[in-house]
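Heads up: the sequence lines are chains A and B, in that order. Residue numbering for the first sequence follows the working numbering, beginning at 1 and increasing consecutively. Residue numbering for the second sequence follows the working numbering, beginning at 1001 and increasing consecutively.
Careful, some of the hints might be misleading.
To be verified - Pairs of lysine-lysine, DSS-like flavour, derived with a Cα cap of 30 angstroms:
#, chain 1, residue 1, chain 2, residue 2
1, B, Lys1106, B, Lys1043
2, B, Lys1106, B, Lys1076
3, A, Lys103, B, Lys1106
4, A, Lys45, A, Lys107
5, A, Lys107, B, Lys1013
6, A, Lys103, A, Lys42
7, A, Lys107, A, Lys42
8, A, Lys42, B, Lys1076
9, A, Lys107, B, Lys1043
10, A, Lys45, B, Lys1106
11, B, Lys1076, A, Lys103
12, B, Lys1013, B, Lys1043
13, A, Lys45, A, Lys103
14, B, Lys1106, A, Lys107
15, A, Lys42, B, Lys1043
16, B, Lys1076, A, Lys45
17, A, Lys103, B, Lys1043
For the record, the hints were derived by calculation from the structure and aren't laboratory data. Values in this document were obtained by computation on a predicted structure and should not be read as measured data.
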Amino acid sequence: DIQMTQSPSSLSASVGDRVTITCRASQSISSYLNWYQQQPGKAPKLLIYSASSLQSGVPSRFSGSGSGTDFTLTISSLQPEDFATYYCQQSYSTPFTFGPGTKVAIK
Amino acid sequence: EVQLVESGGDLVKPGGSLRLSCAASGFTFSDYTMNWVRQAPGKGLEWVSSISSSSSYIYYADSMRGRLTISRDNAKNSLYLQMNSLTAEDTAVYYCARAPRLLSPKPDAFDIWGQGTLVTVSS
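Pulled out of the complex, with its shape left as it was, chain A reads as follows:
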């Protein structure tokens, strides 16, 4: 199975800050990497697919990069509605594993 790790597990940031979350796969997954945002009590929302493609309707302040084993999600200017938990997920092979999540909290 491909293991996904994320760092940091949590962070505190202020509105307007630039935030970067890292995801690492235990083996190469090419660009089969997706990012999701989950607000408390709600279903996850797809932000980025195929490592760097912005899902329709997602603000352009979100961006993704990377390939192989190392990936990043960047929020260029954090907004109040961005405080949430972010998950990466690989779609390279079964089981389609998720990372443990990164909680972004208000500083």
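Fit chain B to the supplied structure of chain A, relying on the hints for placement.
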């Protein structure tokens, strides 16, 4: 409006069974691979199972293999998950989710999610 609505979650005793359903609307259900993802209370997301558009390809998480049957009825725009021999570790919100790539044998991502249905396994 594109929508997924899960149902069937309940309180069940250890060793019991449950069948979850997911009703789809607003898109051509028969064109998409469909999936179940679960989230235990206070925990992260865990992929459970996927089924391709024509049911030709089916995948299960090892943690639940042998206890699960995923199925779909394209005429009814519905997805199902039959779960048997449930344990406390199966307690979670179960989400139905669509994979966006048309007629793909496996999910590339999960772009549309339902609101989830809660399964509680307890005596």
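Q: Run the structure past the numbered hints and jot down the numbers of the failing ones, going up.
A: 5, 11 and 14
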